[in-house]
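Undergrad: As they're listed, the protein sequences go chains E and A.
With the UniProt record's numbering applied, the first sequence closes on residue 212, and no number is skipped along the way.
With the UniProt record's numbering applied, the second sequence closes on residue 212, and no number is skipped along the way.
No lab work stands behind these hints, which were simulated from the structure alone.
Positions of the beta carbon are idealized from the N, C-alpha and C atoms, including for glycine.
Be aware that one or more of the hints could be misleading.
Claimed, not checked - Here are the computed distance ranges between Cβ atoms for each label pair: (1) A:Q86 with E:H177: 28 to 38 Å; (2) E:L11 with A:V184: 49 to 59 Å; (3) A:R30 with E:A35: 27 to 37 Å.
What the hints assert, rightly or not - If we take Cβ atoms under 10 Å as the criterion, some of the chain A residues that face chain E in the derived model are: (4) Y53; (5) M111; (6) F124; (7) V126; (8) D130; (9) M131; (10) R134; (11) L138; (12) A162; (13) L163; (14) E179; (15) A182; (16) M195.
2 protein chains.
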Amino acid sequence: MMRTEGRAKRLPRAVRERQIMDAAVDVFSRLGFHAASMDEISEVAGISKPMLYAYLGSKEELFATCIRREATRMMEAIATGVEPDQEPDVQLWSGLRAFFGFVGENRTSWMVLHRQASTQGGPFAVELTDMRSRAVSLVAALLTQSTKAPATKLEAESLAAALVGAGESLAEWWLDHPEEPAGVVAARLMNLVWMGFGDLVDGNVWHPPSRR
Amino acid sequence: MMRTEGRAKRLPRAVRERQIMDAAVDVFSRLGFHAASMDEISEVAGISKPMLYAYLGSKEELFATCIRREATRMMEAIATGVEPDQEPDVQLWSGLRAFFGFVGENRTSWMVLHRQASTQGGPFAVELTDMRSRAVSLVAALLTQSTKAPATKLEAESLAAALVGAGESLAEWWLDHPEEPAGVVAARLMNLVWMGFGDLVDGNVWHPPSRR
Chain E
1 MMRTEGRAKR
11 LPRAVRERQI
21 MDAAVDVFSR
31 LGFHAASMDE
41 ISEVAGISKP
51 MLYAYLGSKE
61 ELFATCIRRE
71 ATRMMEAIAT
81 GVEPDQEPDV
91 QLWSGLRAFF
101 GFVGENRTSW
111 MVLHRQASTQ
121 GGPFAVELTD
131 MRSRAVSLVA
141 ALLTQSTKAP
151 ATKLEAESLA
161 AALVGAGESL
171 AEWWLDHPEE
181 PAGVVAARLM
191 NLVWMGFGDL
201 VDGNVWHPPS
211 RR
Chain A
1 MMRTEGRAKR
11 LPRAVRERQI
21 MDAAVDVFSR
31 LGFHAASMDE
41 ISEVAGISKP
51 MLYAYLGSKE
61 ELFATCIRRE
71 ATRMMEAIAT
81 GVEPDQEPDV
91 QLWSGLRAFF
101 GFVGENRTSW
111 MVLHRQASTQ
121 GGPFAVELTD
131 MRSRAVSLVA
141 ALLTQSTKAP
151 ATKLEAESLA
161 AALVGAGESL
171 AEWWLDHPEE
181 PAGVVAARLM
191 NLVWMGFGDL
201 VDGNVWHPPS
211 RR
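Same shape as in the complex, but just chain E (with noise of 0.2 Å):
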């Protein structure tokens, strides 16, 4: 490790902001919101504790904005997983994929983005509740694109909501059950909203094109 001398400055604030981003990300998941501190986090960042409030204002600033980063980060896993050209359900199983591939990639995020975000209350769960509205939009707008059938507005959005509803509970109830790889999760998630029980229970399950 070569020391270099004044490398705090030198960097620009988009790299800086990211560092203090992840470092605040892992104090969080580790303590949870109320013993996290501002001591830590600019321990973790290396960078002073009047600098981390310069770039990113209170704990609680802090906090919101490490959400919203974590959310659009897993929006924007998704929204590129889904392959566009693909049939309706590689589209549907590219989407599962890449949501539980980002939840069991991030679970530290996971936990800080849903867990504390949904048990702090106030401001933090009006963001999970706004990240939620997006994640149902963005669904919607996938379902509408990929079926091509004549749904009414309602009817998507509503789909969608009961699709995030289902992937945000299966990727909590995951959290307590890591064994689980993430394809199986997800392919379960997938013979449920792509067959259905009517199919599951006559035996019928969803295969990706390559195992058909």
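On the provided structure of chain E, position chain A as indicated by the hints.
TA: Frame of chain E; chain A shown alone:
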């Protein structure tokens, strides 16, 4: 309205507590947890404030008790609504009808149970998480009982988590779209989880036995 002397003292404790909780759910849902006062609750319940504290404790305790009671009522409605001798699809349909029927007839208590609790955070969020776990266990038991398929405990539980999350999220969406009838919303989730998108894309929908 006849005025009866000393009526407050003659009621059995259970009846009195029910009246207080009805009043509390009404006040909490109209004003929100923070703005709701024990003064207003005691006035609506027709009981003195010291008696209110004696019966159900502090405002926090009263709110937590309301959450528990409303959640228990809802799960009783579902457990009672499901007809265990019917075919699996009819069982699922009757469970969904019972759930959305309950939410529709109890918008007030659902608001208290769900929206307020999820935005208050802290002990109320814990209460809500506990209730969600109980709902997942109930639905997993119903699924296992109805399908008789050799599903593992993990499979049943994770499908139940997905289904509970879907129902919860769709009910939350429905609060913002009260113009949609309960049966339409329930049928949408039924079609999603019984038929699956695979059938919906092809235009195949599920019909209750009476319309086949």
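Undergrad: Evaluate each hint against the coordinates.
TA: Taking the hints in turn, this is what the structure says about them:
Between Q86 of chain A and H177 of chain E the beta carbon distance is about 31 Å. The supplied range of 28 to 38 Å therefore holds. Look at L11 of chain E against V184 of chain A: about 55 Å separates their beta carbons, and that is inside 49 to 59 Å. Our hint of 27 to 37 Å for R30 of chain A and A35 of chain E holds, since their Cβ atoms are close to 35 Å apart. Because the smallest distance between the Cβ of Y53 of chain A and any Cβ of chain E comes to about 24 Å, over 10 Å, the interface hint for this residue is violated.
With 10 Å as the threshold, the beta carbon of M111 of chain A stays out of range of chain E, its nearest partner Cβ sitting at about 14 Å, so the hint is violated. With its C-beta approaching chain E no nearer than about 7 Å, F124 of chain A sits inside the 10 Å limit, and its interface hint holds. Checking V126 of chain A against chain E: minimum C-beta separation of about 7 Å stays under 10 Å; hint holds. Interface hint at D130 of chain A: violated, since its Cβ lies 12 Å from the closest Cβ of chain E, which is beyond the 10 Å cut-off.
This hint is violated: M131 of chain A has a C-beta 13 Å from the nearest C-beta of chain E, more than the 10 Å allowed. A distance limit of 10 Å between C-beta atoms decides the matter here; for R134 of chain A the minimum to chain E is near 14 Å, and the interface restraint is violated. Here the hint on L138 of chain A is broken, as its CB sits about 14 Å from the closest CB of chain E, past 10 Å. Against a cut-off of 10 Å between C-beta atoms, the interface hint on A162 of chain A holds, since the closest Cβ of chain E lies about 4 Å away.
For the restraint placing L163 of chain A at the interface with chain E, the shortest Cβ-Cβ distance is roughly 7 Å, inside the 10 Å limit, so the hint holds. Because the closest C-beta pair between E179 of chain A and chain E is about 9 Å apart, less than 10 Å, the hint holds. The criterion of a C-beta within 10 Å of any C-beta in chain E is not met by A182 of chain A, whose closest approach is roughly 13 Å, and the hint is violated. The interface hint given for M195 of chain A is met, as the beta carbon of that residue sits about 5 Å from the closest beta carbon of chain E, less than 10 Å.
Hint violations for this structure: numbers 4, 5, 8, 9, 10, 11, 15, all remaining hints satisfied.
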